[in-house]
Amino acid sequence: MGGSVGGGSGGPMADINVTPLIDVVLVLLVVFMVITPMLASGKEVDLPMSTSATTIQDTGQFIVISMTADGRWWVEFAEADRDTFIGLVQGEFNLRPESTLLVKADRNLKYSQVRELLDLLNEYRFSHIQLATGKEN
Amino acid sequence: MGAKLGGGGGFNDINMTPLIDIVLVVLIIMMVSIPISVNELGVKLPPNPPPPPPENPQDVEQLVIGIYEDGRIALNRKVLVKDSTEVFESKDSAVKERLLFPLTQEVGRRLRSARKKNVFIDAHPDVPYGLVIDLMDLSREGGAVNVGLAKFKVDGPLPPTSVGSGVMPRGVLLSSPRVTVGEKGGSINETAADASFQQLMPTIRRCYDEALAGSPLLTGRILVQVNVGPDGELMNGTKIRSSSLEHEAIEQCVAEILPSLKFDPQGPEKVCAIMYTILFSPG
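Heads up: the protein sequence lines correspond to chains P and Z, in order. 1 is the number of the first residue of the first sequence in our numbering; add one for each residue after it. 1 is the number of the first residue of the second sequence in our numbering; add one for each residue after it.
Honestly, the hints are just simulated from the structure, not real lab data. A few of these clues could be false.
[Unchecked claim] No more than 30 Å apart at the CA atoms, straight line, and that leaves these computed lysine-lysine pairs for BS3-like:
id: 1; chain 1: P; residue 1: Lys110; chain 2: Z; residue 2: Lys153
id: 2; chain 1: Z; residue 1: Lys151; chain 2: P; residue 2: Lys43
id: 3; chain 1: Z; residue 1: Lys117; chain 2: Z; residue 2: Lys82
id: 4; chain 1: Z; residue 1: Lys116; chain 2: P; residue 2: Lys135
id: 5; chain 1: Z; residue 1: Lys82; chain 2: Z; residue 2: Lys151
id: 6; chain 1: Z; residue 1: Lys117; chain 2: P; residue 2: Lys110
Work the whole structure out from these sequences, hints included.
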């Protein structure tokens with residue numbers, strides 16, 4: 001009898017084409033490399049430069065309040081107006097009671113505008129505030 | 001003849017699976033370990049409610065930097081910088097430094113002899129925020145421990161009562177050092193840090209005098225970072241952080257004499273980092 005037995009497992013190995021797999025992995029890699037810096041908190045702001053600021057790892061311990069050059073206030077990524085601002089900050093604080101306030105204000109803003117923000121925070125007893133800056137040597 | 005052509009019989013014998021495993025593992029490690037870092041400056045706001053004003057204002061030795069709307073900058077109501085508008089506009093740190101130098105020098109000098117190294121910044125409402133940060137920087141480099149914002153005034157700071165003569169003292173000035181202790185503490189305070197560095201000053205002054213012969217207008221500052229270990233030894237990272245002098249001989253001079261800094265032993269596991277600002281002014 002010339003039947004051949006169980007022809008399934010014998011024979012040449014499956015020709016898995018690996019190239020697409022590697023392509024997918026590389027794309028994933030590139031996507032993550034691009035996304036990670038955007039996870040850094042707060043809105044994009046032109047930060048003032050400083051030589052004496054301390055560099056701290058951002059491990060999510062900040063509640064980031066941003067003030068963009070047009071004078072708008074943001075708590076993390078949500079815009080806030082003067083009335084809702086403190087409510088939003090307090091809300092974030094309730095979620096993360098151990099956090100520190102980080103204020104990212106655009107360097108082109110007037111002192112009075114930034115001061116308005118800082119004084120409002122101070123009025124509600126959020127007085128331990130860190131100002132975010134760029135670093136230069 | 002049924003000879004089969006050799007070579008290229010078909011597929012690669014290389015097993016790709018481990019390669020892909022490694023790539024995925026490296027990917028995950030990168031995702032976890034890419035540092036996201038932020039630079040921060042701490043600021044103190046006037047306490048709420050405000051404390052009662054001191055009995056006799058003259059007794060409180062405070063350094064208040066006033067920034068006026070027209071760009072004048074005064075220290076304790078004495079104008080030292082006539083026009084600071086360019087400081088904010090320019091991104092060139094050499095220009096900024098040159099314009100602010102009289103203020104830097106005076107702040108450094110006053111902080112050396114101040115008991116409490118606090119500086120307050122009082123700015124007019126229309127002053128750019130970036131300039132306020134620049135001055136906070138200047139205060140920190142001059143040795144201020146706490147930099148605060150003075151009570152906000154709608155009309156800006158009180159008008160100046162005098163104008164600096166514009167004549168800067170000649171010589172080399174060491175600003176009040178800034179000491180940061182490590183996690184387990186450190187036992188070097190500002191006075192000890194200053195005393196140790198003063199030993200080097202005669203040599204640095206000599207180098208500066210020699211250099212002045214060749215370039216009589218040599219002005220600038222050198223920032224030196226010194227890391228001190230548990231036995232008072234100088235650790236890795238002790239070096240010149242930055243220099244706006246652009247004069248190799250002096251930088252060389254400082255770098256060469258740096259290793260001879262002596263500190264007392266601090267105790268096991270105690271480390272600290274000290275930042276010194278050396279100001280050079282031809283007068």
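query = Does the structure break any of the earlier hints, and which numbers would those be?
reply = As far as the earlier hints go, not one is violated by this structure.
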